[in-house]
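Heads up: the first sequence is residues 1 to 221, going by UniProt numbering.
FYI, nobody ran anything at the bench for these hints, they're computed from the structure. Among the hints, a few may not be true.
[What the hints assert, rightly or not] With a straight-line cut-off of 16 Å between C-alpha atoms, the simulated EDC-like cross-links for lysine to aspartate or glutamate are:
#1 K2 with E100
#2 K101 with E70
#3 K103 with D65
#4 K2 with D107
#5 K2 with D97
#6 K179 with E150
#7 K179 with E149
#8 K216 with E100
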Amino acid sequence: MKIYQHHAWPSTVEEAIVIQEQLRNQVITSDKLQEPVQYVAGVDMGFEADGTISRAAVAVLSFPDLQVIETSLAHRPTSFPYIPGFLSFREIPAVLDALEKIKTTPDLILCDGQGIAHPRRFGIASHLGVLLDMPTIGVAKSLLIGKYEELPETRGNWRSLIHKGEIIGAVLRSRTGVKPLYVSSGHRISLATAIDYVLRCTPKYRLPETTRIADKLASAR
DNA sequence: GCGACAG
DNA sequence: ATCTTGTCGC
1 MKIYQHHAWP STVEEAIVIQ EQLRNQVITS DKLQEPVQYV AGVDMGFEAD
51 GTISRAAVAV LSFPDLQVIE TSLAHRPTSF PYIPGFLSFR EIPAVLDALE
101 KIKTTPDLIL CDGQGIAHPR RFGIASHLGV LLDMPTIGVA KSLLIGKYEE
151 LPETRGNWRS LIHKGEIIGA VLRSRTGVKP LYVSSGHRIS LATAIDYVLR
201 CTPKYRLPET TRIADKLASA R
């Protein structure tokens, strides 16, 4: 698939902040997706050689049946360290490499990490969505920022994730009795719709099938 | 100044 | 993310 827009990759946090504050204005948190959704993609990252090499895996599944349609893998030198709040600068370059090889353009992409549930409202899912001009959802396994009330143990329950008085996402129980997922709009999708798709992509396990498939690819090397 | 901190 | 065996619980 094609990349909608590019920008130079920063080497310092100061430069990264400038990019985040500039691109965040392009983020759309209302539903602007092509429905019915026929293909959903998941991305996962891995690292090799002490983290000096980044490995990105992409899996495109049919929707709603969640069958694997296509996969791709890409490697490239790691060029940015892991710094909370700047994850996208470390992972997106390799992810774009992997996505460029995909022939089946997905209608929606589920990312590992936050969407707008970020200090500057521009987590990795939003960043990727804006660069691709495509609907994306942030599905994180742990909290970056925000507060929320405890939620019931059964699947389907969720609570608003709040930061500075704003609802920035949701804490969602994707499976009964397990730790919740932190879901937020990435780009071109509302929170309510994002929650709906995440639930439809987690029929059996805590993590979406998309990221689980991508994860296996990245690990099988 | 003191913690918190996606993967 | 990554290093790693057994173990607890449904």
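These are the hints, each one checked on the structure:
At most 16 Å may separate the alpha-carbon atoms for a hinted pair to count; K2 and E100 meet this at roughly 6 Å. For a cut-off of 16 Å, the pair hint linking K101 to E70 stands: about 10 Å separates their Cα positions. For the proposed pair K103 and D65, the alpha carbon gap of about 19 Å is over 16 Å, so the pair is violated. With a C-alpha separation of about 13 Å, the suggested pair K2 and D107 falls inside the 16 Å cut-off, and the hint holds.
Pair hint K2 plus D97 holds up; C-alpha atoms about 10 Å apart against a cutoff of 16 Å. In summary, the hint linking K179 to E150 is supported, as the alpha carbons are separated by about 11 Å, within the 16 Å threshold. For the suggested pair K179 and E149, the alpha carbons sit about 14 Å apart, so the restraint of at most 16 Å is met. The straight-line distance between the Cα atoms of K216 and E100 is roughly 20 Å, outside the 16 Å bound, and the hint therefore fails.
The structure fails to meet hints 3 and 8 from the earlier list, while all remaining hints are met.
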